[in-house]
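Undergrad: Listed here are the chains, written in short residue letters.
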Amino acid sequence: MNTRMLARGMATLTVTAGLGLAGSVAVDAAALPTPSPATSTANPALLSSVKSLCNIGVQRRLAVLAADDTFVKTSVALTSSDQSTLEGQISADENGLSALDKTIQSDTTYAKVFADCGLIVTAYRVYVMEDPKIHEVIAADGVSKVDSTFETMIPELQNVINASAVSATDRAQAQSDLNNLTGKVNASHTSISGVTASVINLVPSGWPGNQAELKSARQNITAAWTDLSGARTDVNNILTLLGE
Amino acid sequence: MTHLTALRNSVLCGFAVVAVAGCGAAHLTSAATPPVTAPTGASAVAAAPTPAATPDTSGINQQVSSIDNQLGTIDGQLNAANTGLNTSEGNPAQ
Chain A
1 MNTRMLARGM ATLTVTAGLG LAGSVAVDAA ALPTPSPATS TANPALLSSV
51 KSLCNIGVQR RLAVLAADDT FVKTSVALTS SDQSTLEGQI SADENGLSAL
101 DKTIQSDTTY AKVFADCGLI VTAYRVYVME DPKIHEVIAA DGVSKVDSTF
151 ETMIPELQNV INASAVSATD RAQAQSDLNN LTGKVNASHT SISGVTASVI
201 NLVPSGWPGN QAELKSARQN ITAAWTDLSG ARTDVNNILT LLGE
Chain B
1 MTHLTALRNS VLCGFAVVAV AGCGAAHLTS AATPPVTAPT GASAVAAAPT
51 PAATPDTSGI NQQVSSIDNQ LGTIDGQLNA ANTGLNTSEG NPAQ
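If you read the protein sequences in the order shown, they are chains A and B.
Per the working numbering, the first sequence starts with residue 1, numbered consecutively.
Per the working numbering, the second sequence starts with residue 1, numbered consecutively.
No wet-lab data here; the hints were simulated from the structure.
Please note: incorrect hints may appear among the correct ones.
Unchecked claim - Covered, in the sense of this in silico footprint (three residues per stretch, anywhere, with C-beta under 8 Å from a C-beta of chain B), are these stretches of chain A:
1) 48-58
2) 114-120
3) 137-146
4) 203-216
Since we're looking at a predicted model, the values are computed, not measured.
Backbone N, C-alpha and C fix where the C-beta goes; we use that ideal spot for every residue, glycine too.
Sequences and hints are given; from them, build the entire structure.
TA: Dropping the structure here:
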């Protein structure tokens, strides 16, 4: 009876996993061999098929992590500390997933394959946690970098306004725009404060609770981005008013 | 006598003014600023206020370009994060 249930579960997993491939790999569940209930040993062909699906899952996650690693290595916004932390996390995930894949490929029972294959999701959460976390840290550090650039630019814009020979009306409008710009940069600075620290060390074992942190971070980064885009528009307005 | 002393002091004072102005002109010549003409004669003439210089916004334009690039990057990273946050991950093979 247990063997029959295991066989049914195996077929279900195979179909589910096949659907998860989203058409990129054709899996004909009906064509897969069914484990014989009369034997306690795993059907080698079916076991191999499941292992193959697990391997595909690992390879896809490794591809996502490799792309993330490129973002991290080439980012001009990440602080060196955050860059180092993220590279360490990515490297650990890559090594861990590769080792897990080797373990799966050497498993000899269905139960062990099921358990180990499940770890691809639960021990790493690459799609739903690691990947968005990395993107959020890059974005958050980017906001801080833009804040810093604006903070350098604001006194320079003030000097340009002061030295400009435009009409008093235009100068007053430019000053108003600069004040507005300054307020937006300050708001952005407030929004982004603590965002990186709130997500960079999230771990898969905290899922799904830590999803709230990721969503909160996204909200704060979006708010900061909106403020900075508005500040950017103010710069345009100022330079236009001053005839630059 | 008093008159002669006053005259002498006035002349000496004029030399001093010329010397100070001359030193200033020599110093400024080495910089990129317009040369300052030392006043001639015994009395120094107050420099006329220079017209406001045209503001140099090249630095600001470079900063704006950097900000534009960064805002584009942040937007892209936010979109990428959104994809993950709107995904479910329950299937090992996905």
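Undergrad: Mind listing which of the numbered hints don't hold for this structure, in increasing order?
TA: Hint check: nothing fails, all pass.
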